[in-house]
Amino acid sequence: MEEFQVINNYLMIKLPEEVDHHQATTICKKADHYILQQNVSNVVFDFEDTKFMDSSGIGIIMGRYRKISCFGGKVYAIHMDKKMERMFDMAGLNKIVEVLE
Amino acid sequence: MEEFQVINNYLMIKLPEEVDHHQATTICKKADHYILQQNVSNVVFDFEDTKFMDSSGIGIIMGRYRKISCFGGKVYAIHMDKKMERMFDMAGLNKIVEVLE
Amino acid sequence: MMTQMNEQKNEMEISFDAVSQNESFARVAVAAFVTHLNPTMEEIDDVRTAVSEAVTNAIIHGYEKRDCGKVYLHCRLKGDVLQIEVMDKGKGIENIERAMEPLFTTRPDLDRSGMGFAFMEAFMDDLEVESEVGKGTTIRMTKKLGSSAWVDSED
Amino acid sequence: MMTQMNEQKNEMEISFDAVSQNESFARVAVAAFVTHLNPTMEEIDDVRTAVSEAVTNAIIHGYEKRDCGKVYLHCRLKGDVLQIEVMDKGKGIENIERAMEPLFTTRPDLDRSGMGFAFMEAFMDDLEVESEVGKGTTIRMTKKLGSSAWVDSED
Ligand SMILES: Nc1ncnc2c1ncn2[C@@H]1O[C@H](COP(=O)(O)OP(=O)(O)O)[C@@H](O)[C@H]1O
Ligand SMILES: Nc1ncnc2c1ncn2[C@@H]1O[C@H](COP(=O)(O)OP(=O)(O)O)[C@@H](O)[C@H]1O
Chain A
-13 MEEFQVINNY LMIKLPEEVD HHQATTICKK ADHYILQQNV SNVVFDFEDT KFMDSSGIGI
47 IMGRYRKISC FGGKVYAIHM DKKMERMFDM AGLNKIVEVL E
Chain B
-13 MEEFQVINNY LMIKLPEEVD HHQATTICKK ADHYILQQNV SNVVFDFEDT KFMDSSGIGI
47 IMGRYRKISC FGGKVYAIHM DKKMERMFDM AGLNKIVEVL E
Chain C
53 MMTQMNEQKN EMEISFDAVS QNESFARVAV AAFVTHLNPT MEEIDDVRTA VSEAVTNAII
113 HGYEKRDCGK VYLHCRLKGD VLQIEVMDKG KGIENIERAM EPLFTTRPDL DRSGMGFAFM
173 EAFMDDLEVE SEVGKGTTIR MTKKLGSSAW VDSED
Chain D
53 MMTQMNEQKN EMEISFDAVS QNESFARVAV AAFVTHLNPT MEEIDDVRTA VSEAVTNAII
113 HGYEKRDCGK VYLHCRLKGD VLQIEVMDKG KGIENIERAM EPLFTTRPDL DRSGMGFAFM
173 EAFMDDLEVE SEVGKGTTIR MTKKLGSSAW VDSED
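As they're listed, the protein sequences go chains A, B, C and D. Count the first sequence with this note's numbering and you get residues -13 to 87, in order. Count the second sequence with this note's numbering and you get residues -13 to 87, in order. Count the third sequence with this note's numbering and you get residues 53 to 207, in order. Count the fourth sequence with this note's numbering and you get residues 53 to 207, in order.
Simulated from the structure, these hints should not be mistaken for lab results. Some hints could be false.
Said to hold, decoys possible - Here are the simulated distance ranges between beta carbons: (1) R118/C <-> M(-13)/A: 43 to 49 angstroms; (2) G78/B <-> G186/C: 30 to 36 angstroms; (3) V185/C <-> P160/D: 58 to 64 angstroms; (4) K15/B <-> Q135/D: 31 to 37 angstroms.
Remember, predicted model here, so these are calculated numbers, not experimental data. Cβ coordinates follow ideal geometry from the N, Cα and C atoms, glycine included.
Chain A with its partners taken away, still in its complex shape (with noise of 0.2 angstroms):
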């Protein structure tokens, strides 16, 4: 199951174990949900019990990449593999994400 939790203006997300359509849904909701009732302004995803993505997990982040950027927002992401960093790269995603060791 994915978690949230808040510490200061950044909302942290551990992603589930499977990163796809029927994960997003449920995620996007509750992480939108943070981000307007909770003012943060910052979003990091932990891909740490991550095994499996597919393009449904570049919709989350460009998504709530969008919902903060206007406001000055950053995102940033942990524990990536080589291939979510491909996956990363093929959408762009590497100009717009901070990408972290």
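Chain A is already provided as a structure; the job is to place chains B, C and D with the ligands on it using the hints.
Frame of chain A, contents of chains B, C and D with the ligands only:
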């Protein structure tokens, strides 16, 4: 993968993760090779690695029992879980196989 | 909430070549189909055993390992009840009653134990066998899953 | 030995309800179907991604999440080459060329990224899209598996 080992006149068979008909075909063939070629008189079935078994597992044991019992050999089983014990009992194998803890 | 859950429906059908490496494929597919109901490990394992018995029978008895037939697997979820149908267009069963007796097998030469039907009956809630000689065999099995859901739903 | 391996054939077909919990079911089923070839972890994961994209598209674009259609998945193994067909009888694609452009999506409202086709192309060896408006869409993908088998077979 299954593993075979001969110690004195005991054949130790470490069964694979999944004991089904597909696996059983190979196991029976290999076991009979040892029984006939290497003069083993007793067979020990070790279920330590086994996470799935269907009635093919019962068939493997019955068949080997038939081959060695007429020469006074015995069949043993170790590391069985509750469900395997139930399957053994239903098939009456508890009467011909010595179950070790 | 509980009522809504119970009314959820889902259905899948698989057909595959009657070869023995597809026995594990069939088990995995059925298990994956029901995971979202959060069944217990025991329930999943019981279903896997029953599917394995029925699919193996279709391959080795129905088509007599001739590697040229198709096995048809149909799963239906109605709420928390799983219905499984396994069908072959193989040689059929002459005497169903006798075939279902524990320890009865026509293929001791293939190291069969004759416990297939007995295990399907023991590990599922319900078992029906329909067969016609020369036409094929259909196995219908039912099992209620996630019985612990009644406890979990208390929170 | 190698030649015999390469000529092995196996086939399966699945149809299932177009609901999102079946996305993971479809991935697991295809992965289970090819495991006996001993594909690498990367290959399996690439296939899972491609299947996930095609099945998700059928559910959300083809049937527009109306929960009332069937997705058809057809897998064929010829030696170590896997052919996958994903078919829906949904609304079809008007402009296939534009649909296949990276980042193009008609559903940004559903948080889609428009990377589905791009990933299918990147992670499989071959991709073909056939579609007719009002009739449905068929995706055909191919991938050679177990490329390391050539090295392993040396022993
Ligand atoms: N699908 C089938 N087609 C034809 N005969 C079958 C089929 N399934 C079962 N049988 C017959 O019923 C017998 C008993 O089946 P089962 O209890 O599963 O034991 P086993 O598979 O070990 O023989 C088989 O030996 C076979 O003769
Ligand atoms: N099975 C399908 N039926 C109808 N339209 C489809 C189908 N698959 C893809 N499309 C169309 O092609 C577009 C691009 O698809 P894709 O690259 O997978 O991105 P995404 O799913 O993120 O939108 C979709 O937005 C949709 O308009």
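Please check whether V185/C and P160/D have a Cβ separation lying inside 58 to 64 angstroms.
holds, 59 angstroms
Does the Cβ pair R118/C, M(-13)/A satisfy 43 to 49 angstroms?
holds, 47 angstroms
Range hint 31 to 37 angstroms (beta carbons of K15/B and Q135/D) holds or violated:
holds, 33 angstroms
Could one say that the CB atoms of G78/B and G186/C fall in the range 30 to 36 angstroms?
This hint holds: roughly 34 angstroms between Cβ atoms.
Hint compliance for this structure: no hint is broken.
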